[in-house]
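Protein chains: 4
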Amino acid sequence: VKRLRAAILGATGIVGQHFVRILHDHPSFQIAALAASERSEGYRYYEAADWVVTGEMPLNVQEMVICGAAPEDLLPRGVDVVFSALPSKEAGHIEQALAGEGVPVFSNAGAHRMDPHVPILIPEINPDHLGLVHSQDRGSGYIVTNSNCSTSGLVFGLKPLVPFGLRDVTVTTYQAVSGAGRRGVASLDILGNVVPYISGEEGKLETEPKKILGHFNGDTIEDAGFEVYASCARVPVLDGHLESVVVTLGQEVDAVSVREAFSSFTGEPQALGLPTAPNPPIVVESQVDRPQPLRGLSLSTGDFGMAVRIGRIRVKGNRVSFFLLVHNTIRGAAGASVLNAEFARVKGYLRAGKGVIP
Amino acid sequence: VKRLRAAILGATGIVGQHFVRILHDHPSFQIAALAASERSEGYRYYEAADWVVTGEMPLNVQEMVICGAAPEDLLPRGVDVVFSALPSKEAGHIEQALAGEGVPVFSNAGAHRMDPHVPILIPEINPDHLGLVHSQDRGSGYIVTNSNCSTSGLVFGLKPLVPFGLRDVTVTTYQAVSGAGRRGVASLDILGNVVPYISGEEGKLETEPKKILGHFNGDTIEDAGFEVYASCARVPVLDGHLESVVVTLGQEVDAVSVREAFSSFTGEPQALGLPTAPNPPIVVESQVDRPQPLRGLSLSTGDFGMAVRIGRIRVKGNRVSFFLLVHNTIRGAAGASVLNAEFARVKGYLRAGKGVIP
Amino acid sequence: VKRLRAAILGATGIVGQHFVRILHDHPSFQIAALAASERSEGYRYYEAADWVVTGEMPLNVQEMVICGAAPEDLLPRGVDVVFSALPSKEAGHIEQALAGEGVPVFSNAGAHRMDPHVPILIPEINPDHLGLVHSQDRGSGYIVTNSNCSTSGLVFGLKPLVPFGLRDVTVTTYQAVSGAGRRGVASLDILGNVVPYISGEEGKLETEPKKILGHFNGDTIEDAGFEVYASCARVPVLDGHLESVVVTLGQEVDAVSVREAFSSFTGEPQALGLPTAPNPPIVVESQVDRPQPLRGLSLSTGDFGMAVRIGRIRVKGNRVSFFLLVHNTIRGAAGASVLNAEFARVKGYLRAGKGVIP
Amino acid sequence: VKRLRAAILGATGIVGQHFVRILHDHPSFQIAALAASERSEGYRYYEAADWVVTGEMPLNVQEMVICGAAPEDLLPRGVDVVFSALPSKEAGHIEQALAGEGVPVFSNAGAHRMDPHVPILIPEINPDHLGLVHSQDRGSGYIVTNSNCSTSGLVFGLKPLVPFGLRDVTVTTYQAVSGAGRRGVASLDILGNVVPYISGEEGKLETEPKKILGHFNGDTIEDAGFEVYASCARVPVLDGHLESVVVTLGQEVDAVSVREAFSSFTGEPQALGLPTAPNPPIVVESQVDRPQPLRGLSLSTGDFGMAVRIGRIRVKGNRVSFFLLVHNTIRGAAGASVLNAEFARVKGYLRAGKGVIP
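Residue numbers (the numbering used here), protein chains in the order written: chain A, 125 to 482; chain B, 125 to 482; chain C, 125 to 482; chain D, 125 to 482.
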């Protein structure tokens, strides 16, 4: 099978590096262009990127020359699909421009997530939301987003509980510094400290899950009817967002049922055997003190950072408490969009030459 | 005024060191005996204690010889009052034995906290609970406990909200390693990590606040009627427990009222001007990213680690969210019991020669 | 005694904050002006400075309005002396301009340190070097620098060994992140890591000690004749540079003599009882695993971060090995320049109205 | 080829876990027995071992039952070779007993390293030292040790410089907490701190390299003639010992020659293509701020933690300075002994049924 030609926007940052790491030897995609900010344009990738993700910079990208992210930079390179790790501010118009030119864009940026025509797709959870791209009316081009990094973990903790009725959700986070970008958190602020504030984060956690778990009526998405109360903090951890979740359900449950709901959960990506799909998507931890960012998030584990880990399930009446862990720059960012593209390809939304809406 | 002769049990540990630090130049108490485990007995304090709390070991205790903690070790030394930093397991019978011999015991140990005759005293919050010691029927001897370290912060976040009606409380903690004792947390477990489990901690947070905020009818304490849902984690922080709290109230409030309730809160220790009482007891932080363990907990600040710091107050309907910070080994341990003893002295429950119940 | 009117340049950074902390209630100086970069000008100090040093921002500076650092900004305020925490790049011409207008400048910046007319003054070590300011020929104005932060510790480890003959020095550092400024080290680079490179640092350690320990012949300084081999690394520590030092001496010594040389070392600031002078200037640690950044550097200790701590003295033939610890932003920066100004004042080089060269 | 049956002693600790990780799917060895302390005997491996090394516990060892380490426990299991991760104290007699029964023992313990009949083998550096086992006179049994973890890095920095004449070596270390074992370093001692003392470590660094680089005359080893001055410190890093090395050579060199000496260095394990041999054994880093423990030590890199990384080469006259990095529990422990056994097998010192001395 011919591999689709992919461009990575914001390729030098942490999420961009993960896109590179995952796509450099991907069965369905090949890296055709690496785009970054003007400051990096014209430099070779090994000169422009300070590689900080696991392993070493793949040999086959080291000499690639960084180009611009505009349609006129990318279209001549025969790009079939775009993965965007741009900062939200820049992502807004660049992604629109590319989609307007017929290019499917899979984006980690927050710019378009709450756009009523743009899905926040997590194919294990709301695969039907992919259909929302028809409403974008851009010919073969469209924008599909992955959720905010914290949200990407939380919804795996909520979806299996939907049958019990979700009434409200209290979530408190322990977020890794990599979520703030390469130099986002100064060491003087976080060494031996916790910072109980992350700009904009609580708002995302309180709105995105309602859209993701919302009902797609074929035309628009109706938000799910529960409330989220989020409190977000940064901790001195490199990778992996840990979240303490307390859910009020519509009925009383027991811990065994909850555990079973999590461990038996699976989705279309698993059924389809998509390359990046973890199987199972939720790992229920049996050790009493797990999940922990330092254990089990290693890329040496079988899921390569794509599984969400849940542990310490406790039930009192209709309240379920647990901790969950998500690799913020993989399942919460680059890996999420790659999985979305894999899913879109299998569903006929991507093909060589140009994107396509079936 | 003659200073009362105090013994410190478990004097070599972290909480014991804080007792030493606070009491070595206290206006109402003098250190008459330092007791510790058999392993340390007979050694001088500077040999037995690996001093890790702020500043340097006070000169006037360095040469004191460690003695045993039993009545026969302490009574001959003319001890008027005992401060206990013993491990719970040992605290049970030793504290009982001492109280049985007529000695007032102010204890940080968990052993007797849930005993219906023993108050968990926080004089800003439940000063009347001191009266419960009459029910112990031990003559001049009695046991008064301070709360668990996490609880000691939480209840300052709850008491000012009582007028609005406390329905339920969800609390998630970020706890410092000093809370686990001198070698309690191995570096391999916590460097760059978060451990979402602390043995027994969630149970304490779910029960102690209901007793502390309970009604003392002159005879017994009736638990307060709200539920607590606690999730506890250890973070790579040296000192200071941060807590994310979400309270469901019996009515809708606005953030200004909540902030005012916290900042205007005060208590008897402040009115009495007790030496260890912080004034105000709650510091409401105005910076958007506070409170933080690394900022404001320094003993160079005016409250010497005794104030509870609250910030990031958010309100949605009848839900109030905020973060609070408590110095776990001072307000959450040694400082708390010293304040209790100061309060008991002023109230006539302590005097030279022996404890007294007025 | 009338207190001299002091301006602090670069007042919002970490070193600037230490200047503020030390000078806000100093017996010989009062803060007359706080200057910082254009970005901060016109703001009140509490708005412009993100206070991160120990304790809380002093009340008497919170409302001061930040001004510019040029002579026309400062001279109208009747400034008698300037303390500079400017970045080296800006310090060069601003300090020259101020000195040219007759103002004595005590600077932490590297810009003028290697100027043959400017002393790197450490009054315990080379008090006579103050006389070098006469050669600056600027009337009452002059520039006196303190050394680089690492150097400020190293020379206390060398000076007492001069009688044994200094042949060469190998020094390897463990440097705190505060040395790189407020946002100088990104958390992703240093959490759980060591970075064996600090731009320009090894050069400073290899040249400054030879000037500081050089001979002042009344006219110029002749460098001392030993070589320094420096290797510098950043470690995940907030404050305090630890240094491993191996000195080759001109003769064999024994460890007792070396220890005695360090512990008996004292200088003019101690004899004069200067307010900021630690006594003794070198603390020889007796515990086998000291000095440590986390222990003994607290401002609660008696020396307020001004003493250099030395431990683990080992001798093999004519090689002496030891570890030393210096508080990089106090003895290695702000405190050093304050001590220099105190010394200059007592020596008649500073007086109200204007600086003076006697 | 039949795989040799291997026993791992001390299998539950960190080094033991690395032995398990490396050997569970090794082409020449299979795990036949897992031995540990009495406390663990009889438990299954997954129950007894708190797995903390990268990845997840291999499936094929999870159910193995821990046995004792004595000959009567191991011999009935048909063990061909033993890998020892025992604490030195226990290693002494157990390893002797096993070797006495004809079993070849490859040991990470320090107990026998300085025994004149036991080689400290590093096959890239002193392959001929393997011949020293003939002098042990134990029939088919013998003991071969790997060096101390810090030494294992240092000698790779020294061997390539031998042609220039080694006169003396000053080494200062930044050592990871994993080197002290599972609970060896308490978090309260190392969070935000550096501890400049590791019991016994400096002595090992000052003696082992002289034996390893010594001359084997076919009968005994004559120590190499240079001096080592070592200073060792623990830093808050999980894995990887960084070392700052300054070597005085017998002649002046230039940096290019030194770099070339390191980068062209290779050895027998590379020529033989041994499974665990890194190729090249020394990676010379070109980035100005490398090597760093957090970058490049990941098991995702091609050398699986077996290469030594060298960077920041600086030369002044006949002094060469550089930093080197070694994975302390792999190249410095388990991986080193596995490589030794691979080398011994190819050289005919190991065969199924029993060890053999050719």
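The hints are simulated quantities; they were obtained by calculation from the structure and are not laboratory data. Misleading hints may appear alongside valid ones.
Below, a list of computed lysine to any residue pairs in the SDA-like style, where the Cα atoms sit at most 25 Å apart [unchecked claim]:
(1) B:K126 <-> B:L199
(2) A:K334 <-> B:L199
(3) C:K440 <-> D:G397
(4) A:K440 <-> B:K126
(5) C:K440 <-> C:P240
(6) D:K213 <-> D:F350
(7) D:K213 <-> C:D413
(8) A:K440 <-> B:L199
(9) B:K471 <-> B:F428
(10) C:K334 <-> D:N442
(11) D:K471 <-> D:R306
From a predicted model like this one, the values you see are computed outputs, not experimental measurements.
Next on the checklist: Could you work out which of the previously given hints the structure breaks and list their numbers from low to high?
Outcome noted: Those not satisfied are hints 2, 3, 4, 5, 6, 8 and 11.
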